[in-house]
Structures are given as structure tokens and as C-alpha cells.
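Here's the letter readout for the chains.
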Amino acid sequence: MKILTLITTPLAILAMAGCASAPYNPANNTAGRATVYEDVRSSGRVQGIGIESQDIASMTDKMMRDMLANPILAGRSPSPRIIVDSEYFRNESSSRINKNLITDRLRIDLNRAANGRMVFVGRHFSDMVAKERDLKRSGMVDGGTIRSTAAQAGGDFRLGGRIASLDALDPNSGTQSRWQQITFEMVDLELGTIVWSGIYEMKKSAQNDIIYR
Amino acid sequence: MIRQLPLTLCLCSIVTAGCVQTPIIEGALPGQRISDARAPNATMHMNRVVIIDRNLQTEQSSKLAVERAGSSSNPTGTMKVFATIRNRTTFPQQIEARVQFFDSGQIPVEGPSPWQRIYLDAQSIGNYVTSSARADVAHYYVEIREAR
Amino acid sequence: MRPIFLASTLATVLVGSFYAPLAAANDAALASAQQRLQSEGERNMVLNHMRAGTIAFEASNHNAAETHFDAALNRINGFYADDEQARKARSLWYSEGTKNFLGEPYERAMAFYYRGLLDLQKADYENARASFKSALIQDSFAEEEQDRADFALMLFLEGWASHLNGDSILARQAWDELKTMRPDFVVPAANHTALILAESGKAPRKLADGIGHNLLVYRRGKRFKEQRVKVASSGTLLYPMEDIYLQASTRGARPIDSVLDGQIRFKKTNAKRGTVLTDVATGAADTFSYITGERASTGVFGAMQLAGTVALAFSSGARAEADTRYWDNLSDAVHITTLPASEVSDELTLEYLNSKASALREPISTKAVVTRDPRGNVLAWARSRPAVEYR
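Residue numbers (my numbering), protein chains in the order written: chain A, 1 to 213; chain B, 1 to 148; chain C, 1 to 391.
Hints are not guaranteed to be accurate.
One-sided and incomplete, this derived list gives chain A residues near chain B with beta-carbon spacing under 10 Å [claimed, not checked]:
#, residue
1, 36
2, 40
3, 41
4, 54
5, 58
6, 60
7, 66
8, 70
9, 71
10, 75
11, 110
12, 113
13, 114
14, 115
15, 119
Computed list of chain B residues with no C-beta within reach of chain A, every gap over 12 Å [claimed, not checked]:
#, residue
16, 28
17, 45
18, 62
19, 63
20, 79
21, 91
22, 93
23, 99
24, 107
25, 108
26, 117
27, 123
28, 129
29, 135
If you are wondering where the hints come from, they were derived from the structure by calculation, not from laboratory data.
Beta carbons are placed, not taken as given, at the ideal position from N, Cα and C, and that holds for glycine.
Whole structure, please, built from the sequences with the hints as guidance.
This is the structure:
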């Protein structure tokens with residue numbers, strides 16, 4: 001009897017132990033495998049005070065959603081023709097940047113989401129279109145299968161905008177900061193009025209080691 | 001003594017059961033869906049604002065409070081989502097929020113959107129407002145984390 | 001993985017893949033500069049990119065120049081707050097030269113200057129303007145307030161990029177500010193779309209001065225007389241817009257100087273303490289031997305000697321030398337003039353003169369690299385001495 005009690009008691013304690021324990025996390029809550037890829041929508045391991053991938057992803061997404069919620073741009077029938085390129089998108093800031101990174105992403109995001117609510121004119125491809133039209137009209141190639149038009153599409157609205165920055169620096173602490181303001185404006189190409197505006201801003205600062213100041 | 005024998009045998013069989021049938025590890029594992037009454041947050045709830053960062057909120061304490069959240073329809077038919085977040089601390093906080101949209105069948109149609117940064121002053125509120133790009137959305141799911 | 005490691009990995013890839021065909025182009029100077037990139041590694045990476053970029057720029061090798069200056073500027077633009085080399089360079093036992101070279105503000109500014117000129121040559125005026133603005137920001141690190149952001153050349157070029165881009169208001173703003181530094185400078189006319197830039201002389205030198213070589217001082221480049229420039233055909237004298245040596249030497253004390261100064265004080269104190277302790281120990285032991293007639297090499301005198309020796313070793317181990325590496329194929333000064341693009345021929349020769357604008361005893365004249373950008377605007381650039389002629 002005593003032996004039996006000696007065996008069963010620890011077993012019973014063991015069996016009960018699970019019921020009395022504190023809350024636990026059954027997930028395998030460990031870091032993932034190390035990789036060289038980084039999420040373009042988050043700050044990377046190498047950071048500066050200029051415009052970075054997450055800023056471009058974030059600003060173009062914000063502008064795209066805002067434009068699609070605007071009835072002047074996205075609620076017209078027939079759908080308006082829109083030109084989004086970097087021709088009138090100015091960089092006046094102290095950050096070197098390829099502006100096409102912003103305007104291309106904006107146009108493509110808009111075009112994918114608009115689903116026909118807006119029609120995009122590829123003005124940056126107008127040379128390509130003109131050459132093909134010339135070939136068709138000269139009889140070198142046939143007329144294609146879609147249709148023929150008197151001219152290439154004219155735009156109803158076009159994107160304009162500006163990247164501007166204000167730099168500040170504390171030579172004693174070596175802290176450098178940059179405030180950047182990126183404005184987006186959609187202009188009526190007949191009347192010249194601005195039918196939609198968006199703004200995105202950010203301020204970043206960083207400090208160098210004393211040895212590099 | 002004899003009277004306790006069945007109980008002892010029963011306990012022994014429970015204890016040794018695991019040793020007899022060793023599972024064979026082979027093949028891909030099916031994805032799991034956690035359905036456990038003890039873990040109510042282990043599943044995704046539509047039209048919610050969730051804090052995914054344990055630095056911001058644990059079961060016991062939280063730096064943020066989601067005061068209001070909801071959605072409405074834009075004139076173009078897209079969905080507008082908002083969340084008002086209150087900083088419960090006496091320190092300024094930077095957080096990031098993003099959204100995912102689902103249609104009426106809870107099929108994902110958009111997102112996740114890029115993270116948008118929200119600056120919260122001490123004890124102050126901040127808003128996350130965004131819109132869907134498409135008109136055929138019915139549900140949203142907003143995630144919040146500490147800014148990095 | 002830390003940023004610096006990423007950067008060095010990238011550099012290895014660049015050196016291994018992109019530079020190989022360039023080296024085969026029989027450009028000995030560039031190849032040798034690129035060789036130094038490999039042999040001297042991350043510590044001198046920025047310096048060697050600056051040197052190689054200058055040689056490539058002079059040879060109108062735009063792709064190589066862009067690659068070199070981009071590589072240098074990526075490092076300059078990065079922030080080094082938790083850098084192993086910086087930590088070492090701050091410590092007592094390493095000299096400042098241990099750190100990875102990022103250049104002093106005037107050198108960083110000049111790297112942005114060449115990047116901006118490369119942008120101008122491609123009619124990318126907005127990025128050129130961003131480069132010149134960044135150069136001005138680098139100059140804002142000057143300790144003396146009156147010398148902050150006084151890099152007139154960059155201000156002029158910022159205005160020039162705006163002028164070519166049609167941003168007349170921005171151009172005027174920059175040039176109005178420039179007039180406060182160079183009141184005699186005549187602002188380019190609206191129809192001026194050609195810029196002649198000439199560099200003269202040799203790079204400012206860095207020397208370590210002071211008892212422990214802990215003070216960084218600047219000296220003008222040696223053995224050159226050319227200080228003014230004129231267009232050979234028309235005789236137009238170029239405006240001496242910038243003295244790079246002055247930009248280098250008017251920066252004032254650097255924050256790191258106080259660290260080096262502390263290291264010198266440590267070195268001196270320990271050298272003094274070491275000498276005093278070993279002298280005292282030797283003297284006391286001699287006296288002890290004299291009185292007792294026994295040798296006294298152990299015990300308390302030995303301990304004193306040991307402490308003295310350790311202090312001396314500390315002092316001789318402490319390294320406080322200032323970093324004297326410098327961008328040696330820079331020039332001493334930059335001269336400019338502007339005119340209508342139609343008045344610039346592709347065969348443009350510049351003649352270098354002495355400080356009184358008269359001919360040199362040993363005349364120097366060079367042909368300018370004349371670039372007509374895609375919008376028809378002209379940038380003519382020349383330097384009095386080849387970039388390959390180091391020091």
C-alpha cells in the first residue's frame with residue numbers, strides 16, 4: 001500500500017502540473033531565419049536622413065488612396081484621362097533622388113486600383129506610339145486589331161508637385177536633421193485649376209560619431 | 001491492495017502510452033488554425049484595430065488605448081477607415097499603422113498597406129485615417145506597432 | 001550585420017565586377033587608383049574613391065566617375081554612430097588615422113561638387129542642385145560661425161543649376177546670398193547657358209603639428225604659381241570663385257581635437273609619473289645600497305620601479321596623432337565664368353596666370369573638357385595640373 005502511494009502520488013502531481021501552470025505561449029515564438037532581403041515598407045538596417053524606400057512606399061500609397069476617394073478624379077463618367085509622370089514633379093531639396101521612383105509607383109498603384117475609374121495616358125511613351133502610328137499609316141505594317149484614332153490621347157489632368165527640404169545642423173553635437181515636404185497636385189489641363197492636392201512630410205535626424213564630425 | 005491494482009494499472013498505461021506509438025515525421029505539415037476557448041485572440045477578428053507589438057501592449061499593461069475605430073463610405077464608393085489612438089503614457093510615442101481590406105466573403109482584396117507613422121504626444125490622441133483603393137471591400141483589419 | 005560590413009561587401013563586389021573592364025581600358029592612372037581600392041580596403045575606401053573619381057572625371061569617363069563618387073558619397077551620407085573603427089580611433093591606444101576615412105568637411109563638400117558636375121553634364125539639374133546643397137551642408141560643420149556655409153562656389157553652382165532648370169526665383173535666391181560673400185561677382189545674364197570652370201594649383205595639405213602630433217594643421221599645396229585663369233582665345237579673365245585651401249583651413253577646431261588633446265595630456269602625465277617613479281625608486285635603492293651595502297632590487301623599491309615602468313609603457317603606448325590623410329588630387333582654387341552657349345567652341349583652351357594675372361615664367365595652358373548636355377547647355381571644365389600628379 002505504501003509503495004503504491006509512493007508511486008501514484010508523484011504521477012498524480014505530474015498529471016496535475018499542467019492545469020496549475022501560468023498562461024503560456026504555445027507558438028514557436030522565435031526569430032525567423034536571417035536573410036539579406038528587407039521589407040521595403042520598413043526602415044532598413046542602413047539609414048540616413050534622406051528619402052528612403054519606406055517613405056516612397058508610404059507616400060505613394062497615401063496619395064493613391066486619397067485620389068481614389070476623390071469624386072472629381074475617381075467618380076467621373078466617362079473616366080478622366082490622367083498623366084502621372086515626373087515631368088512637372090520638381091526636386092528642390094538637398095536629397096539626390098530619381099523622381100521616377102515616386103511617380104512610377106504612384107501611377108502603377110493608381111492604375112491597378114482604379115480598375116477603369118481613371119485612364120492613364122503614357123505620355124512618356126509617346127515617341128514609341130508615334131513611331132508605330134507612322135509605320136501603320138505608311139503601310140509598312142497593318143492597322144492592328146483594336147481601332148485607329150485621329151491622334152494620341154490628350155490628358156484631362158496631370159500630376160505636378162515638388163520635393164523641398166530644410167536642413168538643420170548642430171556642429172557641436174554633429175546632429176543633422178532634414179525636414180522634407182513632398183507635395184502632389186492634380187491640375188486640370190484645360191482650365192489650369194488644381195482639383196486635388198496631397199502633402200507628405202517627414203523629419204529625420206541622425207548623429208555622427210565625434211571622430212567623423 | 002488488490003482493490004487499488006486497476007487504478008495503478010490505469011495510471012501506468014497513461015504514462016507509458018506515449019512511448020508505444022512514436023509518430024513518424026514525414027511530409028509537409030498542414031497550416032494550423034488555432035481554435036481554443038482559452039486563447040480568444042488567437043484568431044483574426046474582422047473590423048478590428050489590433051496592437052501587434054508587445055512593447056506597446058501585453059495582457060497586463062498597455063501604453064495605448066484605441067478609443068474609437070470604424071469605417072464609412074467615401075463618395076467614390078471606397079471604404080474610409082479610422083482609428084483614434086490615445087497615448088496613455090507621459091512620453092511622446094511614435095507608432096505605425098497599416099490596414100488590410102477584405103470583401104464580403106472575407107477574401108483579402110487589398111493590402112497590407114505600407115506602414116503609416118503616427119506621432120502621439122504625451123497623454124494625447126492621434127488618428128489613423130485611410131481609404132481603400134477599391135470599392136468592393138466590406139471589412140478592414142488595422143494593425144499597430146511601435147515605429148522603428 | 002552592421003552597415004559598415006555591408007558597405008565593404010558592396011565595395012568588394014564593385015571592385016570585383018565593375019572595375020575590371022575599366023582597368024583593361026589601359027588607363028594606367030585609373031587602374032592604379034582602383035588597385036588601391038582593393039589593397040587599402042575599407043579604411044581608405046572613401047579617399048581612394050575620391051582619388052579615382054577625380055581621375056575618371058578628368059578623363060571624361062562618366063560612368064566610372066559616377067560610380068566612384070556615388071560610392072564615396074554613400075559612405076559620407078551614412079551615419080556612423082556605433083562604428084568599431086570610430087571607437088578605436090577615439091581610444092587611447094590607437095591614432096586618429098585608425099578610423100575609416102570620411103574626409104574633412106571641405107573634402108566631403110568637394111566630393112558633392114564633382115557629383116553635381118556629373119549631373120550637370122547629363123542635364124540632371126535638380127540632382128546637381130541637391131549635390132551642391134549637400135556640399136554647403138557639409139561646410140556648415142565649421143566650428144567658427146562666420147566660416148559656416150561660406151562655400152561660395154557651391155552657392156554659385158546651386159544657383160547655376162536652378163538657372164539652367166528654369167527656376168529663376170531659386171537661382172536669384174542663391175545668387176543674392178552669394179553676393180553677400182562675393183560682392184564683386186557679376187550674376188550671370190539670363191541668356192548665359194555655358195559655364196567655364198577651371199581649377200588651379202595643388203590640393204591643400206594636412207600636417208600633424210604640436211608636441212604629440214595631435215594638432216591637425218593645413219598648408220597650401222607646394223610648388224605651383226598659377227593663381228588666375230583666362231580664356232586663351234578671348235582673353236576673358238575667369239572670376240576666382242573659391243579658394244579650397246581657405247575652405248580647409250578656416251574650419252577651426254574639430255570636436256575630435258579635444259579627444260586628441262585629452263590623449264596628449266594622459267600621455268604627458270603618465271610619462272612624467274613614470275619617470276618620477278623610476279627615478280625615485282632608483283635613487284632610493286642606491287641610497288639603501290649605499291647605507292646597507294646590499295643590493296636592493298626587490299621589495300618596495302622594485303614595486304616602485306615596476307609602477308614607473310608601467311606608467312611609461314602607458315605613455316608610450318598612447319597614440320594621439322591627428323589623421324593627416326588627405327585628398328591629394330584636388331586643386332587649390334576654382335575659377336568661373338559664364339557666357340552664351342553659342343560663344344563656346346568645342347576647342348577651348350585656358351591659360352593659367354600668376355596672382356597678378358600676368359603670364360607665368362613657365363607657361364601652363366590646358367584644353368577644357370567641353371560637354372554639351374542634352375538640353376544644349378554647356379559645361380567646360382579644366383584643371384591646371386593632371387589629377388594623376390599626386391602631391
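Which hint numbers does the structure go against, in order from smallest to largest?
-> 1, 15, 20, 23, 26, 28 and 29
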